[in-house]
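Asks: Please take these sequences and the hints and turn them into a complete structure.
Given next are the chains, with one letter for each unit.
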Amino acid sequence: MTLADTEIAPPEPPRYVMFWRRYKRNRAAVLGLFLFALVVLMALTAGIVDPGDPLRRAGEPLTPPFMNWETPLGTDQLGRDVLSGVFYGARISLLIGVAATLVAIVIGVVIGALAGYFGGWVDDVLMRITEAFQTIPNFVLLLTLVAIMGSKIEWITIAIGIVSWTAPARMVRAEFMSLRHREFVDAARNLGVSNTSIIFREILPNALPPLVVYASVIMALSILMESALAFLALGDPNYASWGNMIGQGRAVLRTAPYCAVIPGIAIILTVLSFSLLGEGLNDALNPRQKK
Amino acid sequence: MTKTPPPVLDLCKLEISLPKGADRPFALEGLDLTINAGEIVCLVGESGSGKSLCAGAIMGLLPEPHVRVTGGAIRFMGEELRGKSDAEMRKLRGADISMIFQEPMTALNPQKTVGWQIDEVLRLHTKMTKSERKARALEMLERVHIPDPASAYNAYPHQISGGQRQRVMIAMSLVLSPKLIIADEPTTALDVTTQLQILKLIRELQEEEGAGVLFITHDFGVVAEIADKVAVLCRGELVESGTTDAVLNHPQHPYTRALIGAVPALTPPPVKAASDAPVVLKGTGLKKTFAARGGLLSGKRKAVTAVKDLTFELRQGETLGVVGESGSGKTTVSRIVTRLLECDQGSVELDGTDLLAATPKELRALRQHIQMVFQDPMASLNPRKRVVDLIAQGPIVHGADPKKAREDAKKLLELVELSPAAANRFPHEFSGGQRQRIGIARALAMEPKVIVADEPVSALDVSVQAQVLKLLADLRDRLNLSLLFVTHDLRVAAQLCDRIIVMQKGEIVEHGPTAEVFANPKHPYTQNLLSSIPGRDWTPPSLHADVA
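Going down the list, the protein sequences come from chains A and B.
Note that the first sequence ends on residue 328 in our numbering; no numbers are left out.
Note that the second sequence ends on residue 749 in our numbering; no numbers are left out.
Errors might be hidden in some of the hints.
Quick list of simulated restraints, FRET-style, between CB atoms [to be verified]:
| id | chain 1 | residue 1 | chain 2 | residue 2 | range |
| --- | --- | --- | --- | --- | --- |
| 1 | B | 225 | A | 312 | 36 to 42 Å |
| 2 | B | 528 | A | 74 | 53 to 59 Å |
| 3 | A | 237 | B | 453 | 54 to 60 Å |
| 4 | B | 325 | A | 65 | 41 to 47 Å |
| 5 | A | 62 | B | 486 | 56 to 62 Å |
Bear in mind the hints are in silico, worked out from the structure with no lab data behind them.
Think of the CB as a built atom: it goes at the ideal place given N, C-alpha and C, for glycine as much as any other residue.
Replies: Written out as structure tokens, the structure reads:
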């Protein structure tokens, strides 16, 4: 009565179905996804909601919210529309979040993968460099970089990426160190697969889940860092970013708090959406961690 | 007849439910089992048959509420255990019912000395004074034949060997003279020679104490060695039970027949005439030491020699077995000849080309001639690749047309008796035996001259093991493959290998045709190894059954 073990179990539902099933088990993560979708929608529809320059004068300065339907969320001290600022700001925040995260992840993956895969002196050298970066507080380094490179939006993005790659690098290194001794890596080597292919096509896909989760954290942090820069008036003044709005709203905080509070809420919700998203991804990608 | 004492353990229609979504609703269904004092009852079954949960149920250690006892009775000395409070169970555990676990390293607390851990049992359950407890612990260590009990008493678990750790576990579980001992695969993690000693020890102590033993195992050799009675479980159902002789030699139920039929017999294949086929793989003077990297201040530690001066020849179409216990360096050999591990000295000639002297580029090209089948089929298949890509990967790397390679991969799946429908699945969707078939197909895809198999069946259940071995033998004969077969299991080696090399501490102590080595071992180590095979006196009855 032993089953000949050549009969295959019935197929599982496709991966994305399983993924979604596990993801939606976490209610908070679904909320995160909803908020994230909302931010994306804001970024996409900014041009429709308010065609034209968000930095132009749209009405009487310091109109409170809900007083004039031309400017539903009011205007700031220069008469700029807060609503369109929030919508256009979503674009900048997302752009910076995604681009800076990419920069950080790419640097982190390359350094971490090389260090973790080869070990030995490669690891020693790369890890000393990483540690050198880690000993300088992120934000101080960011201020220095922006001070040197200037506050164009591209430079800010790259600078944020440069200050955030250390954590993903260490994480990828740890993953690689445990994965490189697995038998499937030996199996690939035994097939004559080159080191580059082993690193990027065999090991990396297995190291990705925790990285994807962490990417959401970096995204949230990048948005916060950009806002903090803008708050210190080091952001790119040519774009309506949430940080810029808070920075300028600070001047009228007592008389017209909404100028700073509304973009502040936008930042809070966006960052919250990323961290909830990350938590959901963690549950969905590492199903064994939690029941 | 006078009133007989109640049996030590009486399971009556025991039923354990599994959580929703498991492969079956009940882990155990209607299990009846009786253990009398002074009796060893073996509970045998393949993985997933529910045998370990049975032990958990008796001890009251099931992972409730997901898995719990839903019906039946567990009577210990006539007393019902179900429904007892935690406090009452705690009193029983250790004192009257004790357990020996599979992996003594994880069952012992690494932070405490051996003596402390034995002492703890006594402290919790008796009112002995400190000096009495120490005397008792030392006496127990003496009884389990630990050399120098006084120093073992002060040793930490990592300072003593695996076999000694299991002895300590046994000492701990017997220190209060329990009436029932549950042993859950106590020898599975041990080498054969150690295994035999532990089995003898359990038998000896159990006879002295007159305790009842529930011995859980998957190995029929062990059953033949130790059991008075046998119960066979199949997917939670008791399919057969009876005396050892009845079950082992005259199995009735088809499942039992299939299981016993799958146990490799210890009769090696007949000696083939000395082959004059060309030598395809030749190792000369191989040497490997592992230098332990010391810390900054601790200085250099002693290097460990894994393989010293190893020389062997493998001819076309032949199977060479490398056998030995853990630490004998046999796995290192498999890694050196495939150059997954750099060797210190010596040469490995593959068809006349030295593999160890090849440059990285030459090596990549040479690799297609020597392929490997790994021990753990789950770990050796990249979990994120589809089966077809896993198999086709090698040929594609070596320049085959990807489309054709994938077509060939599907044909290979048929060759290893898997449906081509498997091609687009991921490795986790298969059972262990199926994964190993995929691993074999991957090795075959390169059309290698030599296949190195490192314990390819030791992670598999016995019936699956027999199927995979049969497949390997079949393919070898059909494709005229040369196999370097590394194993710790002499039964498996007897099945497949034409010649064997016996290794001890990195050295070859004996080599020759399998039949000769088995019939007439010359080196004491080989003799010891062969006489330690569990159940060596029992030859599985040849069942002309339909063993698939």
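Asks: State for each hint whether it applies.
Replies: Verification of the hints:
no.: 1; hint: B:225 - A:312: 36 to 42 Å; result: holds, 40 Å
no.: 2; hint: B:528 - A:74: 53 to 59 Å; result: holds, 58 Å
no.: 3; hint: A:237 - B:453: 54 to 60 Å; result: holds, 57 Å
no.: 4; hint: B:325 - A:65: 41 to 47 Å; result: holds, 44 Å
no.: 5; hint: A:62 - B:486: 56 to 62 Å; result: holds, 59 Å
Violated hints: none; the structure is consistent with every hint.
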